[in-house]
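Chemist: Chain by chain, the residues:
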Amino acid sequence: MTRKQTDLGIPVGESDLLESVQEKVRACMQCGTCSGSCANAFAMDLTPRHLWRLAQLGETEEIFNSKTFYLCSACYYCTLRCPRGLKLTETMGALKRLAADQGIKKHKQSSNFYDAFIKTVERYGRVREIEFINRYFFSLKDPFLPLGFTSLGLKLMRKGKISLQLPILVPIKDDKGKVKYFEGRFDKLFRKVEELEARS
Amino acid sequence: MKYIYYPGCSLEGTALEYDASTRAAMGALGAELTELNDWTCCGASAADAISYLLSMVLAARNLALAEGMDMDADIMIPCSACYLNLRKVEDHVQQDGTLMGKINEALEEEGLAYNGGVKVRHLLDVMVNDIDPEAIAPLVKKNLAGLGVAVYYGCQALRPYATYDDHEQPRSLEPLIKALGADVHPWEMGAKCCGAALMTTKKDVAMELTGALLKAAQGADCIVTVCPMCEMNLEAFQEPVSKARGEDLGIPVLYLPQLIGLALGLSKKELKLNLNLALADSFKQRLSI
Ligand code: SF4
Ligand code: SF4
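First to last, the sequence lines map onto chains A and B. Just so it is clear: in the first sequence, position 21 is 25 by my numbering, and no numbers are missing. Just so it is clear: in the second sequence, position 7 is 8 by my numbering, and no numbers are missing.
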């Protein structure tokens with residue numbers, strides 16, 4: 005059964021989606037210090053202060069319609085300046101997680117980036133730039149986006165900074181010691197973390 | 002001075018020169034680095050944007066490894082994003098009594114356990130607090146007199162955790178820079194954000210931030226950084242930023258241990274200065290590199 009969704013793709017009636025976020029900004033007194041401290045505020049459609057107000061009011065749709073939280077570069081200015089001592093950078097992170105979790109289309113350009121990165125980590129344990137960048141640009145299905153990065157890519161390649169090293173995968177063998185398939189370096193660990201998260 | 006050294010993924014790729022110069026300069030300063038055996042990715046800014054517990058577990062795995070080395074040494078990290086991720090674990094297990102148990106349940110899969118017994122420190126912290134500028138002066142072999150250095154600390158090496166410096170107007174590196182014989186470029190931008198990962202996901206926005214930094218650094222002879230992401234944002238996008246702003250904002254950018262290494266007479270090769278992306282010829286000639 006597919007659940008009814010809003011235009012953004014958030015399941016209808018998902019009222020507790022914002023609960024953890026509301027908890028974090030409950031004490032916000034709307035002074036605006038965070039907005040005034042944020043170097044990226046000029047590009048945000050909602051100021052951080054406004055975002056916290058909407059969170060207090062439970063305006064899920066409006067919040068995830070905004071790209072504000074994906075414009076947070078985790079500089080921690082607001083967190084250290086907030087007179088109420090609220091953990092605002094972490095709250096922006098929580099919103100990124102929720103948006104990725106809900107698979108909201110409008111945020112794909114950002115959420116796919118993190119997703120591609122983390123898949124690379126799962127597979128190899130360390131980051132292999134080539135695979136990661138490919139995964140990211142491929143996932144966006146936008147042939148023009150990588151163009152902005154080609155000259156940089158070439159520059160880095162010339163300097164030997166893009167590693168072509170072969171990844172290490174874990175061979176999974178059958179009873180006779182024959183390799184059945186290869187597992188990513190962290191497949192098991194990632195599964196375990198997922199299981200733990202589902203439990204809580 | 003002994004440290005467990007966590008290079009992190011960038012230092013194996015886009016920041017090879019940061020790795021080489023960290024090892025070389027720390028060695029020349031008499032510090033002993035032992036690379037963390039079998040280290041893996043800290044989760045970067047990505048794990049936290051996907052799963053909180055995963056971000057804690059990926060970072061904690063490396064802390065567990067460090068504890069296992071039984072070295073009675075702090076873990077030293079040159080990348081600000083890696084540093085923050087590992088440092089956060091140290092802090093968050095103290096804030097949340099249930100977190101350590103969850104982390105360790107996951108780490109069982111790796112045959113590891115974390116006990117909170119290792120101190121996480123950024124290279125900046127080590128340079129500021131463990132290296133005595135007065136002890137450096139006699140080691141200096143190359144005269145950097147008159148070289149104006151815009152010291153760039155960036156965000157996460159300082160915020161939210163550094164206690165040894167001002168979070169917005171940092172100055173803790175100045176005695177060291179002066180001990181090398183160089184001059185400190187006066188600016189207010191040392192702790193402003195370079196845009197970090199937004200350079201990939203929201204390029205226009207990051208270009209604004211980087212542009213403001215490059216602009217304020219004009220008049221200095223170079224910028225020094227203590228983070229691979231800051232370095233990349235500042236050195237690799239000078240052309241498009243200059244074009245967008247209609248003025249030449251080019252300026253050499255190098256890693257702090259590269260500058261230290263230069264002053265201590267280490268070779269261009271040891272410091273991998275051929276890998277930097279924005280060292281103008283005039284700058285190289287001036288320093289005969
Ligand atoms: S600085 Fe803190 S109290 Fe002020 S508006 Fe921002 S979150 Fe609210
Ligand atoms: S942490 Fe994020 S929201 Fe806060 S000031 Fe920095 S960029 Fe803005």
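Among the hints, erroneous ones may be present.
Examples of chain B residues lying across from chain A (beta carbon under 10 Å, computed) [claimed, not checked]:
#1 Ser52
#2 Leu145
#3 Ala146
#4 Arg172
#5 Pro176
#6 Lys179
#7 Ala180
#8 Thr201
#9 Val206
#10 Ala217
#11 Gly220
#12 Asp282
Keep in mind that the hints were calculated from the coordinates and are not lab data. Note that beta-carbon positions come from the ideal geometry of N, C-alpha and C, so glycine has one too.
Chemist: Each hint needs a verdict: does it hold in this structure or not?
Modeler: Quick rundown of the hints versus the structure:
Because the beta carbon of B:Ser52 sits about 6 Å from the nearest beta carbon in chain A, less than 10 Å, this interface hint is met. For B:Leu145, the shortest C-beta to C-beta distance to chain A is roughly 25 Å, which exceeds 10 Å, and the interface hint is violated. A least Cβ separation of about 30 Å between B:Ala146 and chain A goes past the 10 Å threshold, and the interface hint is therefore violated. With a least beta-carbon distance of about 17 Å to chain A, the hint placing B:Arg172 at the interface is violated under the 10 Å criterion.
Hint on B:Pro176 is violated. Least Cβ distance to chain A is approximately 24 Å, over the 10 Å limit. A cut of 10 Å between beta carbons decides the hint on B:Lys179: the least distance to chain A is about 27 Å, and the hint is violated. The restraint placing B:Ala180 at the interface with chain A is violated, with a minimum CB-CB distance near 29 Å, outside the 10 Å limit. Residue-level restraint check for B:Thr201 holds (minimum Cβ-Cβ distance to chain A is 6 Å; threshold 10 Å).
A distance limit of 10 Å between C-beta atoms decides the matter here; for B:Val206 the minimum to chain A is near 4 Å, and the interface restraint holds. A cut of 10 Å between beta carbons decides the hint on B:Ala217: the least distance to chain A is about 13 Å, and the hint is violated. Against a cut-off of 10 Å between C-beta atoms, the interface hint on B:Gly220 is violated, since the closest Cβ of chain A lies about 22 Å away. Because the smallest distance between the Cβ of B:Asp282 and any Cβ of chain A comes to about 17 Å, over 10 Å, the interface hint for this residue is violated.
Checked against the numbered hints given earlier, the structure breaks hints 2, 3, 4, 5, 6, 7, 10, 11 and 12 and satisfies all the rest.
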